Each structure stands twice: as structure tokens, then as C-alpha cells.
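Participant: Take a look at the letters that make up each chain.
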Amino acid sequence: MAADFNWAVGGEAGDGIDSTGKIFAQALSRSGRHVFTSKDFASRIRGGYTAYKVRTSVDKVQSVVDRLDVLIALTPRTIEENLEELHEGSVIIYDGERTTMQNVEIPEGMIGIDVPLKRLAEEAGGAIMRNVVALGAACEVAEFPIENLDSALEKRFGDKGQKLVDNNKEAARAGRSYVAEEYDAEFEYDLETTDEDYVLLNGDEAIGMGAIAAGCRFYSGYPITPATDVMTYLTGRLERYGGHVVQAEDELSAINMALGAARGGARAMTATSGPGIDLMTETFGLVATSETPLVICNVMRSGPSTGMPTKQEQGDLNHMLYGGHGEVPRFVLAPTTVDECFWKTVEAFNLAEKYQLPVYLTADLSMAVTEQTFSPDAFDMDAVEVDRGFVVDDASVDEHLSESGGFKPHELTEDGVSPRAFPGTVDGAHMSTGLEHDEQGRRTEDTEMRVEQVDKRNRKVETAEDREDWSPREFGDADAENLVITWGSNEGALAEALDMLEADDIDIRVLSVPYVFPRPDLTEEIEAADETIVVECNETGQFANLIERDALVRVDRINKYDGVRFKADELAREIKATLETGTEATQ
Amino acid sequence: MSSDVRFTDFKSDKQPTWCPGCGDFGTMNGMMKALAETGNDPDNTFVVAGIGCSGKIGTYMHSYALHGVHGRALPVGTGVKMARPDIEVMVAGGDGDGYSIGAGHFVHAVRRNVDMTYVVMDNRIYGLTKGQASPTSREDFETATTPEGPKQPPVNPHALALASGATFIAQSFSSDALRHQEIIQKAVEHDGFGFVNVYSPCVTFNDVDTYDYFRDSLVDLAEEDHDPSDYDAAKDVILDSDKEYQGVIYRDEESVPYHEQHGVDEDMSDIPDGAPESATDLVREFY
Numbered sequence: 001m002a003a004d005f006n007w008a009v010g011g012e013a014g015d016g017i018d019s020t021g022k023i024f025a026q027a028l029s030r031s032g033r034h035v036f037t038s039k040d041f042a043s044r045i046r047g048g049y050t051a052y053k054v055r056t057s058v059d060k061v062q063s064v065v066d067r068l069d070v071l072i073a074l075t076p077r078t079i080e081e082n083l084e085e086l087h088e089g090s091v092i093i094y095d096g097e098r099t100t101m102q103n104v105e106i107p108e109g110m111i112g113i114d115v116p117l118k119r120l121a122e123e124a125g126g127a128i129m130r131n132v133v134a135l136g137a138a139c140e141v142a143e144f145p146i147e148n149l150d151s152a153l154e155k156r157f158g159d160k161g162q163k164l165v166d167n168n169k170e171a172a173r174a175g176r177s178y179v180a181e182e183y184d185a186e187f188e189y190d191l192e193t194t195d196e197d198y199v200l201l202n203g204d205e206a207i208g209m210g211a212i213a214a215g216c217r218f219y220s221g222y223p224i225t226p227a228t229d230v231m232t233y234l235t236g237r238l239e240r241y242g243g244h245v246v247q248a249e250d251e252l253s254a255i256n257m258a259l260g261a262a263r264g265g266a267r268a269m270t271a272t273s274g275p276g277i278d279l280m281t282e283t284f285g286l287v288a289t290s291e292t293p294l295v296i297c298n299v300m301r302s303g304p305s306t307g308m309p310t311k312q313e314q315g316d317l318n319h320m321l322y323g324g325h326g327e328v329p330r331f332v333l334a335p336t337t338v339d340e341c342f343w344k345t346v347e348a349f350n351l352a353e354k355y356q357l358p359v360y361l362t363a364d365l366s367m368a369v370t371e372q373t374f375s376p377d378a379f380d381m382d383a384v385e386v387d388r389g390f391v392v393d394d395a396s397v398d399e400h401l402s403e404s405g406g407f408k409p410h411e412l413t414e415d416g417v418s419p420r421a422f423p424g425t426v427d428g429a430h431m432s433t434g435l436e437h438d439e440q441g442r443r444t445e446d447t448e449m450r451v452e453q454v455d456k457r458n459r460k461v462e463t464a465e466d467r468e469d470w471s472p473r474e475f476g477d478a479d480a481e482n483l484v485i486t487w488g489s490n491e492g493a494l495a496e497a498l499d500m501l502e503a504d505d506i507d508i509r510v511l512s513v514p515y516v517f518p519r520p521d522l523t524e525e526i527e528a529a530d531e532t533i534v535v536e537c538n539e540t541g542q543f544a545n546l547i548e549r550d551a552l553v554r555v556d557r558i559n560k561y562d563g564v565r566f567k568a569d570e571l572a573r574e575i576k577a578t579l580e581t582g583t584e585a586t587q
Numbered sequence: 001m002s003s004d005v006r007f008t009d010f011k012s013d014k015q016p017t018w019c020p021g022c023g024d025f026g027t028m029n030g031m032m033k034a035l036a037e038t039g040n041d042p043d044n045t046f047v048v049a050g051i052g053c054s055g056k057i058g059t060y061m062h063s064y065a066l067h068g069v070h071g072r073a074l075p076v077g078t079g080v081k082m083a084r085p086d087i088e089v090m091v092a093g094g095d096g097d098g099y100s101i102g103a104g105h106f107v108h109a110v111r112r113n114v115d116m117t118y119v120v121m122d123n124r125i126y127g128l129t130k131g132q133a134s135p136t137s138r139e140d141f142e143t144a145t146t147p148e149g150p151k152q153p154p155v156n157p158h159a160l161a162l163a164s165g166a167t168f169i170a171q172s173f174s175s176d177a178l179r180h181q182e183i184i185q186k187a188v189e190h191d192g193f194g195f196v197n198v199y200s201p202c203v204t205f206n207d208v209d210t211y212d213y214f215r216d217s218l219v220d221l222a223e224e225d226h227d228p229s230d231y232d233a234a235k236d237v238i239l240d241s242d243k244e245y246q247g248v249i250y251r252d253e254e255s256v257p258y259h260e261q262h263g264v265d266e267d268m269s270d271i272p273d274g275a276p277e278s279a280t281d282l283v284r285e286f287y
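So the sequence lines, in the order shown, correspond to chains A and B. For what it's worth, UniProt numbering labels the leading residue of the first sequence as 1, then goes sequentially. For what it's worth, UniProt numbering labels the leading residue of the second sequence as 1, then goes sequentially.
Calculated directly from the structure, the hints in this document are not laboratory data. Among the hints, a few may not be true.
What the hints assert, rightly or not - Computed cross-link-like contacts, DSS-like style, restricted to lysine-lysine with a CA-CA straight-line distance of at most 27 Å:
1) A:K155 / A:K22
2) A:K408 / B:K14
3) B:K14 / A:K456
These figures come from a predicted structure and were not determined experimentally.
Make the full structure from the sequences, and use the hints.
Facilitator: Below you can see the structure in the form of C-alpha cells.
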């Protein structure tokens, strides 16, 4: 793989870190380089420490690593927070004229580039552009053509007028010239560009785009980190495609509105994170037992309770599998990459309607906020298929009426799937309820009907297991003795860790599982391996527990629950250590 | 088609299990008549019911319907109406459903002004759990869980609605069949959120707020020279704690329903077999 370059901008919340980082990532993407971003951020509007990190290469990048080559530090804390990732020769760009940065010490072996960011920005038209001056300086350090930055600035500020765009371009050039004149040191970086076209998006955006592609018309949600971006993305865009976004008064309302829209025949979705899932669980059983197709997106963050709202965790798996009183069938899909967020969203809508049940579509914070480059072909809209399942119309409704003429929304069928009639269908009027019901959706406590309805609902799961493809994604060495299994967003780090382990002559077979329920039976693969490790971001090994139960074996585990995602090099070290000791969980 | 629809078409073949004499019979009859009179039929009507005695109404009426979880009927109705502006939506629930567990949703449903009807079957008691105080029970109403009464003022639903920006506030009495139907009908016809609190006496557990009590104390606003479009007059009626009223208390003639405010007018059940046309534009935005 070609050399990768790791860059970050850090400061306090309110310093414009996010938009500065995004502009640089955009510039790299537009220059035909691959980009993978990550964020260190806090749940506050101002203050604290926040950083936007970019890893880039001409080859595909799909993880963060423990290395930082160039850092724009707006605060001393930004340097402190990144000491472990900075290395000999790392470049730190800072403004020595800023009060808080006057006495900053550049760690030994690193190169400090002192640029009067604010002063140069003021000369170019306003202090607010000081971060753009820093981006210009970074371009010079990395030998990255500034025209690419221009293109990103145009995208960012274009709708605010040409004057603003020009001022920003000038600010960037001021930063670049200053470094060129004051620091003629040879930096070791040379960011080459390519002719490739890439799009740059994060997991939340991919989910939102997937929803529109799948024909979702109704979204109701309540803002919550890190799922809010799904709603922000859809707002305005869903309306362009004949749909509507509602900000509900709480998550209880959000899921009930989506439920109502789905009963009306719309493809409907809500998105939230752990605390919202807790609230939505109240209505979850009703969705399932009324056999209403609904996509519930859970962008996981660190729990329990308010937990660490801006930190990574994959801790909600048990809740999604078992949450709610009684026994209710549901599917749980967990895309493992940003582009798969798009496709799994489409799939979630199809599965929800084909099997008339709630589908949890779960991403995690790391994937939700990670911006990654892809070829636009990765989102081929012509390949999107919409399958609405068993829906009757005015002509076919007659085949599903009771002797007294009532429509049977919970008809007992061989495959468990009953007909759906959207409101407005003539002779299709029917009710459904959270009470146990008969075929017509009317309350019953008849023991036989109770058993038949429970069995019917579960039969849908068996049918789906049989009809659909629940395969995991496999990569690495298919014949390797060592098997690593993971789910969710760890796939990228694992894919890169593989290359690092290969350099140490350690061969690994990897199974990345996007289906939590139903899920593939991995017994054969586990039995074929000498050693099996399950990698996930939680403490108790929720997925490992499922795997052990499925295959009736013990597996090794690598669990991380410090709130930070796996990094490729870190994961390679962990896997190596686990293989050497063969012990139980490491942290 | 609507001219052929009779109110009995809205009746299901299930016999109500409400106690004989329950106010909910009259409440439901008025709802069915109002729906038929306003040109609706079961196939273009969606009824959402909450939990409690009132929640059973979805079973006894014939239409598209969902019997939801406790307190969340309004959000369900909101979702149905937004997805299907072509469908008549009526939400029914009790005083516990609407003003206790669902009070938060009530406030916001009123604010949103979605074009649907909300009928609260108010018996000032929790009936299905066999007689506990409800949010509209009197301050000194003794029950097993409030032996000396709740010692809290009852919720004033009309005031809550008015404070939340309601565009239609009405009160009816299930036993005054004609007036009840007429008032529900006006709520259905209202362009926006039509809220009707219905005195629907519980004959088993409430021996205070009885048929006789309401018959004796109700003042009909239709006989009082009351102008519902007069906000201040409505406020006076709502805050008058000495009397019980029935009739349309407030109606905002300028009401602009949610779907007009937000341009939500499409039947969202109708979607193509693949990604919508021009969906590729969405990908291009990420260049």
C-alpha cells in the first residue's frame, strides 16, 4: 500500500474544527485521494478538546492508526492529547501570537511551524478565516496542490458569495506563502493526486441516502448524538422526493408517528441512539405484534444511561435482540462499513416489508461520524430494488376475507406472512392491536388462536432464514488456522490489521458479520480453525456470547470499551498477543 | 359512494364489553354518525385508539384502525395523517390516556394542528383498572389509591389545549346524542386539529360525575350567545370553574392545518419499484 498521511486539526469546541477538517478532507477527496476521517469530540457546544483527523492515501484507507504526521494545534491541549500519536519528524502548525500558545513547547524531535494565523487571516479579510490560513500552511508542508483546497472552499462557501470564496482562497495562500518563506525546511511529504472521482460521506449520511433510495417517505425522530445527522441529512432532501421529516416531542412519539405512517402504507423510519432505544422499546412490541414494517435505526454510543454520548461502543446488541417484554420476532442488521450503511438500509426496508416486522438497523458512533471516500459506483441507484412484500389491492383483497367479510391482516399462512391492505383499499378495512388477536386483528384470548398467532409470527423468521442470504463477508486467508470474527464498524481496522499481521507471518481468516439476527451459523468455520477470536467494542462480549451459544465452543475475545474505536495497528498488536497467550479477554 | 354509507357501516360485528349504561356507547355512536354524515366510509377512515375502556373502541368500530400502546394514540394518528392526507383520521382515548400518560403528546399534537379529530372519552376515573383517580378527577374524589382524594386540582384539558395554541376546542356529553354528534361533526369538518372532550360517565366506579350530575349542571353554549371565534370569550368559558359547558368553545377561523403549512399532500404509500428518479443527484452531492 502507498504511504499514508495522517493529519489533524484540533482545538476547543466552537473553534470551527469540524468544518475546517471537513474542508481539508474534501480537498483531498477532490484531488483523487482516498480519505478516512475520525473525530475526537465532546458533548458540549464550547470549550473542551475536539479534533478532526484525516488519514489519506492514494490507496483505499479504512481505519485510523496510532500515528499523526501533521497537526494543526489551536490549543496547547491539542498537542498534549496527541502526544502518543505524534512521532519524530511530526509537524505541528500553531499560532505563536495567540495568547494561549505563546509559551507552547514543541516536543523534541518534532517540527514546530509557527504561523501568525489570526494576523494573516485579518489581512485577508477577517480573523474568522484563521483556520483556512492553517490549511494553506498544511498544503505547503504536505506539498499538496492548493487548487484542490480552492475547490473544497468553493463547495463550502459557494452559496455565500464569490467574495467570501475569494477571501478564503487568499487566506489559504497567505498561510502557504508564509511557510514557504519562513520555513524552507524540506518536509518529507508529497501528497500526489490522481484522476479518480470520489464521493466523501459518513455513515449517517449513507443511511439517510439509503432510506431515500429505498422509497422511505416518512421520518420522525428526536435529536440525539450520534444519530442526529441522519435526520439532518433527510430534512429537506426527503421532501424533494415526496416525503416528510418530523421532529417529534420525544422518542416515544417518534416511533409511534413512524408506526402510524407505516400503517398508512408508507415506508417509514426513525433513528436514535441508546437512550432513545430505551424509550422506543415501549412501542417495539406493538410494532412487532401488529406486524407493521418499520426500520428503527440505532446509532450506538457508549452507555449505560447517558454514558459517554460522544464515544464509541457496541453495547446495545443484547437490548436490540431481547429488549421488550414478551417474545417478539425482530431482525437486527449491522452494516460493517460506511458504504454498506447505504445498502443495508435498502435491505432493511425490504426485509421489514417482506416479513412485516421491525428491523433494527444498527450503526455505531465511529461509523456514523466517519467520512470516507468511495467511488460513486458504490452507490449505484440502478441496482436498488424495492420489494414491498405481500400487499393486496382492490382486486385481490377478496381472497383474504373471513366468512363474515372481514379482511385478515393476520391470516394464518404457511410461510407466516399475511396480506397487507393499505387504508383506502376497498373492503380492506381492518384493525390491529397490541392485544393478542385473531386473523382479523380482533382481540382474542382463545388458547388455540394465541398459539397459532405466536407460531405464525415466528414462522416468518424461519421463512426469512430460509429465503434470504445471511452470509458474512469473508476476507484474509481462507485456509488460515486463526479465525477472527467481528461485527459492526471494526471491519476496516481489521482489514488493515491483516496486512500488518501478514508482515509478521501471521495468517488470519476474517468473517465480518453484518447480520446479528438472523445470523449465519459459523460452527463449521469455527471448528475448522485452531483459534477463534471475536472482536467487538463492548465489555461483556455480547456477540461472542452468541457465537459461543451457536457453535457450542469457547472463543477468545478482544473487547474494547474505553470509548475509542479500534485502530488498525492497535488491533494487530492485540490479535498477536491474544494468539500468543491464547487467553481470555484482553482490554 | 358516501351518500350510501350509513353509520352502522362503521359498526364491527364485535359486541362491546363496556358495562351496561357506560357513556362510551353514546360517545361511539356519535363518532360513527359524524363520520357517516361527513361523507366518510370505513375504507377511507383510520381510527386510532389508546388503552383503557375507551381503547376498546377500535374493536367495536369498523374501519382501518390501530389499538396502540397507552398514551401514544395521537402520535400514531399524526403519522397516519401525514403519510395519508387522503384518509380521515380519528383518534380516541380516555382521560388517563390523553391527560396523564399521554399529556406530553396532547400538547404537541395541539400545536402541530394536524387535520384530524381527537375524541377524549372523559369519565374522570380509571375504569378498566377498577376505579382509581384520573387526571380529571375532583380534588376530593375518594378512591382506593386516593383515600382522601387526590388533593390536587384536576387538569383543565380545554385550558391546556388553549395554552398550546388549539384551533378547535369543544365539549360534549355522550348522553345528549344529537348535540354530541353535531359537535363531533364540527370537529371532523374543522381544518386542523379538532379536539372534543366528551363527558362519558362511568356507571360502575364514579358516583359523583354521573349522568344526573351532567344533565343538571351542563350549560349549552349554543343557547348562551357564545361566539366560538372570540378568543377571549372562549378563555372565559374555559377558566370558569363554577359551571360545566357543552358546545364548541373555540374555533380559529384562520386555522391553517399542518399539511398546508408544510406542503405535505402526497399519498406516501405509492412508491416506485426502484430508487426514485434522479436519486443519483444525491450521490453527486457528496463529490
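Participant: Let me make sure I understand: some of the numbered hints might not hold for this structure. Which ones are they, in numerical order?
Facilitator: none
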